[in-house]
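If you read the protein sequences in the order shown, they are chains E and Z. Heads up, our numbering is the position in the first sequence plus 1, with the first residue counted as 1. Heads up, our numbering is the position in the second sequence plus 36, with the first residue counted as 1.
Hints are computed from structural coordinates only; laboratory data are not their basis. None of these values were measured; they are calculated from a predicted model. Even for Gly, the Cβ is constructed at its ideal location relative to N, Cα and C.
Quick list of the computed label-pair ranges, beta carbon to beta carbon:
no.: 1; chain 1: Z; residue 1: 67; chain 2: E; residue 2: 10; range: 33 to 43 Å
no.: 2; chain 1: Z; residue 1: 47; chain 2: E; residue 2: 114; range: 24 to 34 Å
no.: 3; chain 1: Z; residue 1: 52; chain 2: E; residue 2: 53; range: 44 to 54 Å
no.: 4; chain 1: Z; residue 1: 110; chain 2: E; residue 2: 42; range: 15 to 25 Å
no.: 5; chain 1: Z; residue 1: 45; chain 2: E; residue 2: 9; range: 28 to 38 Å
no.: 6; chain 1: Z; residue 1: 45; chain 2: E; residue 2: 60; range: 19 to 29 Å
no.: 7; chain 1: Z; residue 1: 53; chain 2: E; residue 2: 114; range: 30 to 40 Å
no.: 8; chain 1: E; residue 1: 31; chain 2: Z; residue 2: 94; range: 29 to 39 Å
Which stretches of chain Z does chain E cover? Using the computed rule of at least three CB atoms under 8 Å from a CB of chain E, they are:
no.: 9; segment: 78 to 86
no.: 10; segment: 132 to 138
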Amino acid sequence: GAGVSQTPSNKVTEKGKYVELRCDPISGHTALYWYRQSLGQGPEFLIYFQGTGAADDSGLPNDRFFAVRPEGSVSTLKIQRTERGDSAVYLCASSPSGTSAYEQYFGPGTRLTVT
Amino acid sequence: DQQVKQNSPSLSVQEGRISILNCDYTNSMFDYFLWYKKYPAEGPTFLISISSIKDKNEDGRFTVFLNKSAKHLSLHIVPSQPGDSAVYFCAATGDDDKIIFGKGTRLHILP
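Please put together the full structure from these sequences, using the hints given.
Below is the structure:
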């Protein structure tokens with residue numbers, strides 16, 4: 002079946018602009034995670050949804066970052082007033098159950114470059 | 037403050053030999069340890085896990101060893117194959133279900 006998909010695969014934007022990154026999880030997966038992977042680092046947790054609600058958003062670096070999952074399926078990560086330090090690969094993962102945290106299936110990521 | 041550490045950025049191993057990837061952690065509250073494999077332009081793929089109550093888990097060519105007293109785990113791949121060339125992330129999770137990743141080790145399998 003289809004895996005986790007993320008669009009766009011690459012996004013180049015100017016400093017100060019607003020961007021939206023989309024994640025389509027595996028059908029039926031209730032849990033959805035966003036991670037950020039900077040160069041030379043491992044994925045870093047940002048936010049976790051169980052259904053439509055954000056169960057844990059403690060990883061969001063500041064209030065410029067926001068994520069939604071209005072219907073419990075597709076999620077959008079929104080970044081306002083982008084900064085060069087936001088450049089990274091943004092990974093989305095979904096899981097059939099929030100309690101089995103390691104059974105996460107990752108998408109290919111969106112590479113964001115802020116110029 | 038890194039809770040999961042992979043101190044070797046890269047490792048080269050001859051095809052057919054054993055690959056050993058190492059990982060250290062600092063948080064004694066972790067209850068599951070994981071290894072993920074990542075190819076370029078793809079997301080990480082779950083490879084193998086081990087519960088904190090065990091010291092070994094084996095799955096085909098992959099074995100993970102856990103030494104809780106030393107807060108150390110390792111992934112053994114034997115025999116190493118060309119398709120094993122990838123970045124390997126060590127990771128850990130606890131009660132909050134967040135996965136904490138290390139920086140990764142790039143494994144090169146040499147022909």
